[in-house]
Amino acid sequence: MKATNKKRRLWSLNQSGDILAITGIIILTVISIMAIAAPLFSSWGPKQIDFSAFLSAPTANHWFGTDGNGMDVWSRILYGARIDLSIGISSVVIAVLVGSTIGSIAGYFGGWMDAIVMRLTDIVQAFPPFILALTVAAMFGRDIGQLVLAISLVFMPAYIRLMRSEIRALRQRSFIEAAECAGNTHMRILVRHLIPNATRPILVIAPLNCGWAILTLAGLSFLGLGIPIPEAEWGAMISAGAADVIGGRWWTSVFPGLILFISVLGFNLIGEGFLERSGQRS
Amino acid sequence: MNTTGLKIDELSVTIGGSSANTSVLHRVSFTVAPGEVVGLVGESGGGKTMVARAITGQLPTTAHSSGRITIDDEAIAGKFNHTHSAPEILKAALCFQNPLTALSPTRQIGKQIVDRIVTHSGVERAKAAEQALSILSQMGIRDPKRRMEVFPHELSGGMAQRVMIALAIACEPRILIADEPSTGLDVTLTRDIMKLFRDIADKGQQGVLIISHDIAAISATCNRLMVLYAGSLVESGPTDYVLKKPAHPYTAALIDSVPTLYHRDDYQGPLQGSMPQFSAPPVACPFEPRCSFAEDDCRSGSPPTRPVSDHWTVKCFHSESAYLDKYDQWDDTAVARNESTINTNKIDSRTKVKKLIELQDVDIAYRTNWGRSSKRILKKISVTFNDGESVGIVGESGCGKSTLARAIMGLIPPLSGQIRFDGIELAKQSPRQLRLLRRRMQLVFQDPLDALNPKLRVSQIIRDPLTLLEMTHDEKNTSIARTLGRVRLDEQFSERLPSQLSGGQAQRVGIARGLVIDPELIVFDEPTSALDVTVQAQILGLIKTLIADRNRTYIFISHDLATIKDLCDRVVVMYMGRIVEDGPIELVFNKPSHPYTRALLGAVPQLREETTAETVYLKRDLDEAATELIGCALAPRCPFVEDKCNMDQALREISEKHSVACWKV
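Residue numbers (the numbering used here), protein chains in the order written: chain A, 3 to 284; chain B, 783 to 1447.
Worth flagging that the hints you see were computed from the coordinates, not collected in a lab.
Computed from a predicted model, the values in this text were never measured in an experiment.
Check each hint, because a few of them may be wrong.
To be verified - Non-contacting residues of chain B with respect to chain A, defined by C-beta distances greater than 12 Å in every case (computed):
no., residue
1, 880
2, 884
3, 926
4, 954
5, 1193
6, 1235
7, 1369
8, 1439
Unchecked claim - Derived list of chain A stretches under chain B, where covered just means 3 residues or more per stretch with a C-beta under 8 Å from a C-beta of chain B:
no., stretch
9, 79 to 88
10, 170 to 184
Glycine residues also receive a C-beta, built at the ideal position from the N, C-alpha and C atoms.
Model the full structure from these sequences, guided by the hints.
Here's what the structure looks like:
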């Protein structure tokens, strides 16, 4: 029975989970390549002003039109992807690394250390995430580095908790006792025996969080606390174009909104795909 | 009313969708007459539970079945579905495998039984409550009125099993099916539960079908035994005949795999290999790959089910072959042999006695309820294990044997008292020193798959303890390869992940990990209790060859007395966190002194009746309150109890090397 189950699982995995994840990966790869090789895809610079065309509708020259400053929307979307994707991904990477380290140490050793860590995460999680990001960004400033820090702080408690509970559950398994009998140090038990077995839920959540991180960044910029104009950033572009939409010049906001939507969708698909896979495996 | 009982005709079940089928039962036919107790035995994966599910109409959604099931000549259904109507369910009731999870956790047990009666017979609740009360007392539950009010989690394992049976018979089924009723129960309770099934069959004229992997536990109760192997019923016949002269080679192997208290001359060694899985009904004999009597016809065609004598059938071409003969002489030689093993005295074969492990007044408690209260697991344990000894620790589940093993390994610090390894007190060592001590002792775990890191390959798992030794990479590799050979695992296994191993293979890896650094002490914590019988026998055979190496100390923990008798020089009997008896195997097994040891020995199911010692019957289920008693923990269950038993019972020596914690001895 076991053997046939495995076969069936692999089969359905190709059907659903993998297809989702692969679609997501393709979407993000395309966006990333276009961001990295932006000059190849657009003859306009991100901050270059076309004095002959302010708020021009999409034309052959300006594919997605221009904004109120005469800057090309298409090339700003391409260059903006560099900032949005890198801030989104790096803030989640930091949250994962720091959060799961803290979480696994708290979960493994328990005691007062665990209690303190848990109460701190309680405090952080008591704030609505976006309000927290807003406050931290307002306190720290609008530098890219500081924005990454603000966003990663919002996501960190989830990873701390997740890793802690995984580690605590794994600690009960007898292979950890066996590792102790085999003379492993605490450090080695954590790194070699516990953490590799605890990463799966994090792999599921991290891509989803990347999408949220980009939304958070866009939200901050929309409210004027993120990356300032004239730097190309999707949230700031949506914000700047919002007034023009009312006047019928939809392209300044809709196109950056669309790309934001597509990239968040890409991350979500990857997360969903991983989730499906882990669901089938367990 | 017609009373022919349960009749199953050519039942076949296939599970799976269009792409991957598993054929779990192949044309199984049998009957269970009213008043009869029939045992269905076989190893896990053989399809036993599927038989029960087919009868009660609880096959999985993806199952396809064919065949005919009738109870009292009324067909249950031509085609089986989930939607049996109530009257059909009435006829067969199922006791589920794990009673504590099968009972609804949020409803008092009395209400659950009343619900059942009301649904099935439509009587008023008050009247149903009376019936429930009488069923519970019939089940041997003391103070049934009070027990009606309790929730399932307040019941002990034996109690829960009784409630489960009460629930099943509440609606007076024609057929009662018990799926592994002895799982999780210790030997004394198993015996009581089995008696209950006998009573039900005798008094109520109901047919009882007991499904179990434990052929020894159920054999005393069953009129007939049926053996299921890989979905085929390979043998079916009266219990005595099947046990004494098994007609099918698998039945013989199954019986041989059961460790007994008495030495056997004719032991053929463990059955190799494992049970196959079929995607379609097999064309050949399913047992052929593991059968030592297989010939060409076994490979080319499926043997017919044919009679051996009245009511006794076998599904084998060669059931008259040579192997049957050995059973003819069995009875005489075994008894003779038994006498001789008792006389060969190995009590004092060694002169050097070096204390390797010493425990002195060790108390261990787990903190519960956020550290506010604690549960004492071990109470004032004092015991010494000498160098080169192999000691068995036995006791029922929850008595603290595993905790004792972990305390010896220094994994759990004692609350009070001292544990010394070779004179070094474990609690006083720094983590670093403790790590260095670990290269001198190793633990083999109960659940082999849980004890292996799922992300590491077999070679990496065995390599893990080698970090304690200063060795080059090549030296490590050679010692890994050598150890794999010692546990009889092929080289090809070294690159596998634990998920690619069977239970038996995983336990071999676990043993290899314990062995690879050549420790002075190996503790086996119930190494076979999570395995199937034939695999158990393979692993025990391996452990036996290891124990033959006398340069090492072995502690073997088990709830199975027969295994310990076979492997150890000395036995320590534990009951509720205390040691109640400690002495050489021969003395304890032939002259058990503590009432608990006597009850334990008397309750060991014997495949062939030859128990000599006078049996002690303990009073029914243990009371949880006993854990907090000051005096003898057995007092509430002991038939010889007197006032003096409520005082502290220390272990005292009654003869050389034999001590007992009972003042009456």
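Hints and how they fare:
no.	hint	result
1	880	19 Å, holds
2	884	22 Å, holds
3	926	37 Å, holds
4	954	35 Å, holds
5	1193	6 Å, violated
6	1235	5 Å, violated
7	1369	32 Å, holds
8	1439	30 Å, holds
9	79 to 88	violated (count 0)
10	170 to 184	holds (count 9)
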